[in-house]
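Model the placement of chain P on the given structure of chain H, informed by the hints.
Protein chains: 2
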Amino acid sequence: MGRLAELFDPETVAVVGATDREGAVGRAIVENLQDEFAGEIVPINPSRDEVLGLECYSDAKSAPPIDLAVVVVPPGVVIDSVRELAETGTEHVVVITAGFAETGGEGAERERRLREIAAEYDLDVVGPNSLGVMSTPNGMNATFGPESALEGSISFMSQSGAFITAVLDWANDQGIGFQDVVSLGNKTVVDETDFVREWGDDPDTDVIIGYLEDIDDGQAFLETAREVTGDTPIVLVKSGRTDAGAQAASSHTGAIAGSERAYEAGLEQAGVLRAQSVQELFDYARALAGLPEPESDGVAVVTNAGGPGVLTTDAVGDSTLEMADFADETIDELAEAMPDEANVYNPIDAIGDADVERFGEALEIALADPNVGSAVVVAAPTAVLSYDDLAETVIKKLETHDTPVVTCLMGGERARQAEETLRESGIPNYFDPSRAVSGLDALARYRDIRERTVDEPETFDVDRERAREILQRAARRDDNRLGVESMDLLEAYGVPTPDGEIVDDPDRAREVAESIEGDVVMKIVSPDITHKSDIGGVKVGVSDDDVYDAYEDVVSRARNYQPDATIIGVQIQEMLDLDAGTETIVGMNRDPQFGPLLLFGLGGIFVEILEDTSVRVAPIGEDEVRDMIDEIRAAPLLRGARGREPADVDAVVETVQRLSQLVTDFPSILELDVNPLVAGPDGAQAIDLRLTVDTDELDTETDTE
Amino acid sequence: MGRLAELFDPETVAVVGATDREGAVGRAIVENLQDEFAGEIVPINPSRDEVLGLECYSDAKSAPPIDLAVVVVPPGVVIDSVRELAETGTEHVVVITAGFAETGGEGAERERRLREIAAEYDLDVVGPNSLGVMSTPNGMNATFGPESALEGSISFMSQSGAFITAVLDWANDQGIGFQDVVSLGNKTVVDETDFVREWGDDPDTDVIIGYLEDIDDGQAFLETAREVTGDTPIVLVKSGRTDAGAQAASSHTGAIAGSERAYEAGLEQAGVLRAQSVQELFDYARALAGLPEPESDGVAVVTNAGGPGVLTTDAVGDSTLEMADFADETIDELAEAMPDEANVYNPIDAIGDADVERFGEALEIALADPNVGSAVVVAAPTAVLSYDDLAETVIKKLETHDTPVVTCLMGGERARQAEETLRESGIPNYFDPSRAVSGLDALARYRDIRERTVDEPETFDVDRERAREILQRAARRDDNRLGVESMDLLEAYGVPTPDGEIVDDPDRAREVAESIEGDVVMKIVSPDITHKSDIGGVKVGVSDDDVYDAYEDVVSRARNYQPDATIIGVQIQEMLDLDAGTETIVGMNRDPQFGPLLLFGLGGIFVEILEDTSVRVAPIGEDEVRDMIDEIRAAPLLRGARGREPADVDAVVETVQRLSQLVTDFPSILELDVNPLVAGPDGAQAIDLRLTVDTDELDTETDTE
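Chains H and P supply the protein sequences, listed in that same order. Each residue of the first sequence is one higher than the one before, counting from 24 in the working numbering. Each residue of the second sequence is one higher than the one before, counting from 24 in the working numbering.
Derived from the structure by calculation, the hints contain no laboratory data. Glycine included, each C-beta is placed from N, C-alpha and C at the ideal position. Treat the hints with care, as some may be off.
Footprint (simulated), chain H over chain P, 3 or more residues, beta carbon under 8 Å [stated by the list, open to error]:
| hint | stretch |
| --- | --- |
| 1 | 175-189 |
| 2 | 262-272 |
| 3 | 434-440 |
| 4 | 530-537 |
So here's chain H without its partners, still in its complex pose (with noise of 0.2 Å):
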């Protein structure tokens, strides 16, 4: 476990700022604190003697030794608050205090100077602007809040305070525990991807759930869910995910939020569900706390009720499950125990009369199957059922089984103990079928993110250096935005592209042309230039004879339209027979949060009309190439539907991931744009090329490496 573990099982918790004055949060912590805490309480505030019948200190000089200190000081004294008590050995600081970047101006001066302090003597530091921290199993709730959790398994951190107190007076009517809870605040020093590495090593923590804003650093939370969620669940409400969400957001805390592609990618990469909603995020994590994984994906339904049936079997063809399709000694067994009326096909129907026993005898039947991963108990109320003895029998018939059983016990008032009795086993109860089914489609993606295998982005053998030249000649044109005459970029990591090269001067465009077999497709060279098409600066299929005239022809057009644009040259290439080929798109471009962010999509309407495109956090490896291609609609088009030849996808996956190693490889590319890349029969080559260089940081590049 790592060094956070003693955040939330600390021996001494100090409050700085306690009090006793009423409605003060100084002593609502210390309140909090004295309901259940099973270690010692530190008040510290110069001006008291004595907090809530609590021995007060002036100073964290004077006090025992604290190992976590709850900080609840004016705004203006936090700093040196936080610098006493590392001065005197404590390590865990939560700061309560608002007034810090959320407020701009001096606020933001004053968290610069927090995290200094924190890095100066390796402090954890959670907040400023924070409720506090719980966790239950030593009782310690040192929030602010109204509410102190029940025990459970589920750690739970929010990037908004208030959310906590309203999951948590929720939570405790629901029944629903948690383990540890972290308001996270302004995340100064201590952040997402911090608590999720701490819990994904906490044994007692069964699932991390959380309610985010923003993700600090996308590619360090990206690396460390990742390895989490090989073992524990990550399920996260990221909000912002609509323009105007993500503007409430940037409003409500001030970060710069990413792009929503961004979030969406980078957290499927990381293998974090995403819930969308406040009951969906708990109706997943009920789920994941509680119930084993189901080894494969055919559900069985067993009901009393054919509409609920007919209702949860819409939801798992709504879902990644499936019916499962019973094995004729199943049906055969159903048969025999079921009345005539009864539908021994999934989903069972017991029908109206069925008793416990009755139902129980088809649910150990369905369990039995080899075909069934999971079960959904649906109930209507009836004069013969009775929901607590439906409950028990579920609860025993799992003793012999390891397969996850939700219910979906429909009512109100009469299913209320039911509840409460199956709560205890972790066996979780939905009102509505379609969430009950949600529940199990959880832990059957769950288990598809434990079992994937990464793999490892290749690393290609690369001309950087070359690569790095091309980019600082650019630089020293002092020229951000670069197009076809940097072709050579590609050339260097290996991205196949035309024959041909930029001349300027009409004997060497004839020389060049004479070298290429065939007719040649010439283009205009210039930065300023981006229409080239619109003024004549192309001319497709010009054969070695009229290449000489071709080249003035189309320098004086580009001088005629635009006298003082910079002329490079004339691009010379081999013309490509593009109808053997599907033109595609590989475009990056960098998001704040995530960093390179690959997009690949088809040309033309696809991409334009459509927005047919899938995206991937870089760098990304063969397998992720592969699901990225697969993903868009128009997939089927590079296989060869419709009888044309296949595109030679392989090509294409190589090209992608050597993209993925220069944009990674050279923070200075901001964005990208390989369109098109003609995926042909036999292997793709890159036509035309845009992107737009970072000048200043290409020359930390170049410094540093």
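Same frame as chain H, but now just chain P:
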């Protein structure tokens, strides 16, 4: 109000098969009626003199006049009982007894006889295999379920009796009330359309909700629901949405399920709001039953908590609503009224120390904004905020505003009393912000449904007689699959086709070619040859001089390929410049419930790979056809995206309308595909046609018209 109104408001209710035997259904119904029913209860059972203290009659003839009879006798005597009731003047019968069509064989025969008797005596029969009916104003619970409904303005029908018992148990717990409740059973006589019509006329029903597994007569339902939704919203869970669910539904009710796409289109055209889960059904229904209509789509969010505010904003982003853009005065007023740290832009964050007064003030200012059509009050628990007081404040503010407001008082026990207070004023409270917003969204969507004008399908001047002859000609050939040889069917309905004709000798071929400007396309016409191009049966760009030889060649290739093929001739057709147009597809197949289902899409990959199509139940008017075209993702291509010349969309619209008229006029056309319909810059032309006709149906059409 229709005659069915009497079903829910009888003076006397007979229970045929009443008994006081413990556990019997005939006892449960009498007991349920005794609970609250304001009218007279008449037990009928030849073997008893008294049932539960009530005088029992031996048969309907000896009993007092009966307005509604509930029949629970064994299946074998149901028919006789119903006949006797009819003969004594009873008009409304609920058959509880099961063992009819759902069991097949003898049961199906019984069901047929029940239908006959109902027709003979003009009886309203609910069921068989029904749980019964309820109406809360007169306290009538004529079901054998364990729960009575609370009074309210929601009328509820269900094809599953169990669904009713499950929902009522839960709804009673939630304080949700109902007007009428009916368990539809097998829907032998009275069905969903009848109840929609009845409740549409009922001033006490504010919302109609239902659980359906199928709809008996889709076209009748569509027409009735379309009318009713002008005044009364309808929300349905239609299960069997997924393949697995449809199969389960079919084995549950024995109904032949129509396609999910037909239901989706039909219910949308009918103005029905479709819920995907039980929870959504009531989230919508509660909002629709209690709140006024929003005048605009702008939503104001008022909260004391940043995080939940962001979540609510995300939910608005996901919905058809939008965050209201506050007027300057609103922002000024909020800035005046709120503390400095508050966010006065939408979502309004009154911050954590907001008390009820500040909350109320913020809401008041927001509601006065002209851009605010609805509002969500979102609160997290704090020490300074009483949910109970907040509920009172919200209710008070709404006394002077006719704006729909929902609340999201997050929490469990803490929110209980407030929730009840709000409910009494018709304001739904939701724990999850996403559900609160989806309630408001249902209001806005229903407003749009109420306001929409459905244009009457246009009746074009067509040559129906000629179309009939063409279809009959096919019938005489005993051929139910027609192709290009029936293109004149399209001409008869005014759908443009290229110039040309089908000829059966080479000289005539030449004559026709000469009469057509430019080269021609030639195609073998044979019902037995599907892939004409593959066998060399198609020639493109044939000049007049080459037509004779080409004719001989095409025919001999066809004969060689398949010596016994019926060869109708060779089609000589004007050659169109396909590049100048966009290929579209218009198709139709007949759904067992909804009838003719029209499909529109762009040709090729859009249909084959991307499945980018839209469907509607025919007949449809111009507006609906335009919607249908706009709905496909590739629609911008028709409008001239990517530098193309825009297609003549008006011509496509007219063609689809004409085809809608054709398939409506001739139910004998089972399937039809116009593929491609080429949409050029100046008109649309049908190039190829396939259709399947029901030759028996065709005879009927011919006889009767």
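Status of each hint after checking the structure:
1. 175-189: holds (count 8)
2. 262-272: With 10 residues in contact (Cβ-Cβ under 8 Å with chain H), the coverage given for the stretch 262-272 of chain P holds.
3. 434-440: holds (count 5)
4. 530-537: Coverage by chain H is violated for the stretch 530-537 of chain P (0 residues, Cβ < 8 Å).
Hint compliance for this structure: hint 4 alone is broken.
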